[in-house]
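Engineer: Each chain, letter by letter, is given below.
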Amino acid sequence: MSRALGWLMLAAALAIPQVSGSSAWLTFWITTLLFAYLGQAWNVLAGYGGQFSFGHAAFFGTGAYIAAILQVRYGVNPWIAGLGGVAGGGIVGAAIGWVSFRYGLRGSYFALVTLAFAEVFRVLANAVAITGGGQGLLIPLKPGVEHFQFVDRASFYYLLVALVVSGVLIARWLEASRFGAWLVAVRENEDAARALGIRVFRVKLAAIALSAAMAGTAGVVYAQLFLYLDAGVAYGGHVSVEALLGPIVGGLGTALGPVVGAILLHGLGEAAKGVVGATPGLNLVLYGVVLVIMLRFLPNGVVGWLKRWGQR
Amino acid sequence: MELLLPAVLNGLTTGAIYAVVALGLTLIYGVLHIVNFAHGSLLMLALYAVYFLHAATGIDPYAALPILAVGFFALGYVIQRLVVQPVSHGKDQNILMATLGIAIVIDNGALALWSSNTRTIDLPYAFDVVEVLGAFIPLPKAIGFFAALGIAGVLWIAIQRTDLGRAIRAVAKERQGARLVGIRVEHIYAMCFGLGTACVAAAACLLLPTFYVTPQVGYAFVLVAFTTVVLGGMGSFPGALVGGLLLGVVEAVAGLYLGESLGQIGIFVIFILVLLFRPTGLFGAKAA
Amino acid sequence: MLVAEGLTKRFGGLLAVSDASVTVAKGAIVGLIGPNGAGKTTLFAMIAGFHRPDAGRVTFQGEDITGLAPEEICRRGLVRTFQLVQPFAGLTVRENIAIGAHLRHPGRTAALEAAERVAERVGLGAELTKPAADLTIAGRKRLELARALATEPTLILLDEVMAGLNPTEIAEIIPVVQGIRAGGVTVLLIEHVMQAVMSLAEDVFVLNQGRMIAHGAPADLVRDPQVIEAYLGHGAAERLAGAHG
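Protein chains in written order, with our numbering: chain W, 1 to 312; chain E, 313 to 600; chain X, 601 to 845.
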C-alpha cells in the first residue's frame, strides 16, 4: 500500500518538469523537496528513535557554512566542500548527541539542549569573521556541474528528487534492518531495550550522527542553491521548525511521511499566498495551525492514517 | 569598580522580571511536567497588548497590569482547555509539540499583522532616576524590581495558603492521588496554565516602559526563562526567583566585561552546562 | 553457572538487600521466594546490571560481571524479564520478539524466523501479527518471556511471570517454563505463587527483609520455622506445630 504510494509519488515527481518549465514552479518544488529531505533527517532521529530535537538548524547550518567557507575562503572544489559539510554536520550531531545522551537527557530536556546549541551557533556565526558575520557569506556565481551549480533549474530539481529518494531509502532501510529495529526499541522503551542486550547509547549516537549528516546535506544543497548564507538563514529557529513540521503532519516514523507532509504544508502555504498575498509569516501561521489540528485529529499523520485505513 | 555596582543593580532589576517570567514557566512545568514552548510568544503578545492599550487609551502600563493579568489568565486557561488538553492523547511529546505549534502561530501571526518594526512607548517619567547607594537607576526599572518581588510574594502566598494552591501542589506531587480525592485535575492544569500566562502579562507591563517590542522579542526571553527554570530546578518556586535574579546579574556583569553578544552566549553556555551536569537544577527539584 | 556473593543495596537510609548470596547450577530451575518487599526484585536488578550493588560480587560462567551494564550482561547470555511487563507497545508481537532475536541474528529475515519459533515455544504462535498493546495480561507475560528467550540466553531470570494470572493460565505457563529448561536454558525465578515454585524448582532461596534466611529443597523449606514465620508472621510456626501435634 505505502509502496504503491511511493512509486506513484516518484512517477508524479518525474512528470513535474513536464507540466511547466517555469522557474517559479520549479523553485517551489525544489524548496519543497529540500525541506522534505530535511524533514526525513529529523524523522530518522525523532520518528524512528523517539528523540525530539528542536535544534536541527545546528546541523543544517553547519553543513551549509562548512561547504561555503571551504570553497569561498580556501578555494576547495564545491563538491568536496559539500562532502566536508555533510561530514561536519554529522560530527556536530555526534558531539551534541554524545554529551546529551551521556548525561541521560530525554524528552523536554533533549529538546531544550538542542535548541540551545542551535542558538549558540547562530549567535557565534553572527559574531565571528570567518562566516562573514552579520553581512553573511556570498558564494560567487560559477555555473557548471563541476562547480556544483546548474544553469537550468530542472537539473537542480532532479538532483533534489534523487536526494529525497535516497532519504526514503534510508528510512526503508531502517524499517528492514537490525539497526532500525534497535532504534525503534529504544524509542518504545529504553529499559526493555537494554535488558535485551541493545547498547542504547551507541544506537542513539549513531542515529543522531546519521540524522545530522542528512541535515548537513540539506544545508550544503541549500548553500549551492541560493549561493548566500547568513546566521539567521542557516541557524534560524524556522529551520528547526521546518524540519519537524513535515514529518509530524505527514506521519512520524514512516518513510513517506516527511515527503507527504512537506508537500501538503508548502502547497498550503503557496495557496494562501495566492489568496491573501505574500505576507511574511503567514505561511508559518498556517503551518502552526495545521500542526495543532493534525495532533488533535490525526496524531499519526497522513501516512499513518492511510496505513491504518489500508489495514481495515 | 564604579561601573560594577550600577551593573549589578541593573542586573537585579532585569533579573526580577526574568524571575516573574520564569515563575510562570516553572508553575506550568511543575504541574504539567512539560516545557511550555509558547511562553516567550505569550510574553511578546502581552507586550503588544500593553503597547496597543497604551496607544489607544493612553493608560499607564502599570495601571494596565491588573487588566492584562486577568485577560491573559483567561487566555492561558482557554489555551490549555481547548488546545493543549485535547491534543495530548496522553502523550507528553504531543503537549510539547502543541505548545511549539502555538508559539509558531503567535510569533508569525504577530509578524504578519504588525510587521517586524521595533515599537516603544513614551512615558513622561521614563528618564527619571533614583539614587541607590550612589548609583543611578532608572525609575521604571526600580518600580519593576519591587513590583516583580511583590508579584512573586503574592504568588507564593497563593500557592502556600489558599485552597487552589493546595490543590495545585497536590496535583504536582501525585496526579492520580489528587484525582482520587476529588480534585478536578484538568481544571487545575488549566488554572496553572492561566496563572503562568498571567505572570507573563505582569512581566510585560513592568518591562515595556524600559524595553521595546518586536515579533521576535519573546525568543530571547524564553531562552533566558528556560535557563532560569533549569538553573533553579524545574518546578521549583524559590529556584526560579533566585535563578532569575542571578541570571540578570550574570548577564549584566558579563555584558560589562565581554560585550553584549558574548554576554548572551554566556547565558546559553550556563544553560547547556546546567542541563548536562545538573539537570535537576541548583535547588535539586526532581527531574522528569 | 551463576554465583552472587554478599550482595548489598541501600536506597537512602533503607537497606533493601543485605549480604545476600545465591548460586545457580547449570541446567537447574532455581526459585527465589519471599514476602512482599523482601528485596527480591532489587536482588535481580543487581544481578542483571540494572542496579550497581553497594557490596558483593556477581560471577557468571566464571567471569566477574559485577557493575556491568545490563546490555553487556545480556550479551554474555544472562537475560531478565520484568515483573511489570515492558512490551514495545507500538509494535506487533512478532516485531517485539524479533528485537530480542536480533541480538544473535543480524539479518531481518533470520530474526523474524527465530521470533516465530520462539513464539511457538511460549504459545504465542497464533498472535504474531497482533499489536503488543492488544494482548491480555497473560499474553503480555508470555511476550515478556518470549522476547527474553529470543536473545538465546544460557541463564534467564524470570521476575514473577505468574503474578496476575488466574489458576488456569498459571497451569498453562508451568510447562512453558519447564520447556525452557528442557531446551537447555537455566532458570532462576522469583515467584509469589508458592505452589508453582514448589512444583517447578528443585532448589529454593528464601529472602526476607533483605536477608537470605533459608536455602534448600522445596519440601524441606515448607517445614522450616523461619520460612513459615517470614510468610505468616511472628509465632506462626509454633501455632502451626501446635495444631499439628
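There may be inaccurate statements among the hints.
[Said to hold, decoys possible] DSS-like, lysine-lysine: derived pairs with alpha carbons at most 30 Å apart: (1) K307/W x K485/E; (2) K730/X x K307/W; (3) K403/E x K485/E; (4) K626/X x K403/E.
Derived from the structure by calculation, the hints contain no laboratory data.
Engineer: Straight-line Cα separation of K307/W and K485/E no greater than 30 Å?
Structural biologist: The given pair, whose Cα atoms are some 39 Å apart, is violated under the 30 Å limit.
Engineer: For a C-alpha distance cap of 30 Å, please report whether K626/X and K403/E respect it.
Structural biologist: violated (44 Å)
Engineer: For the pair we were handed, K403/E and K485/E, check the Cα-Cα distance against 30 Å.
Structural biologist: holds (19 Å)
Engineer: Could you grab the alpha-carbon distance between K730/X and K307/W and see if it respects the 30 Å cut-off?
Structural biologist: Holds: K730/X and K307/W sit about 15 Å apart, inside 30 Å.
Checked against the numbered hints given earlier, the structure breaks hints 1, 4 and satisfies all the rest.
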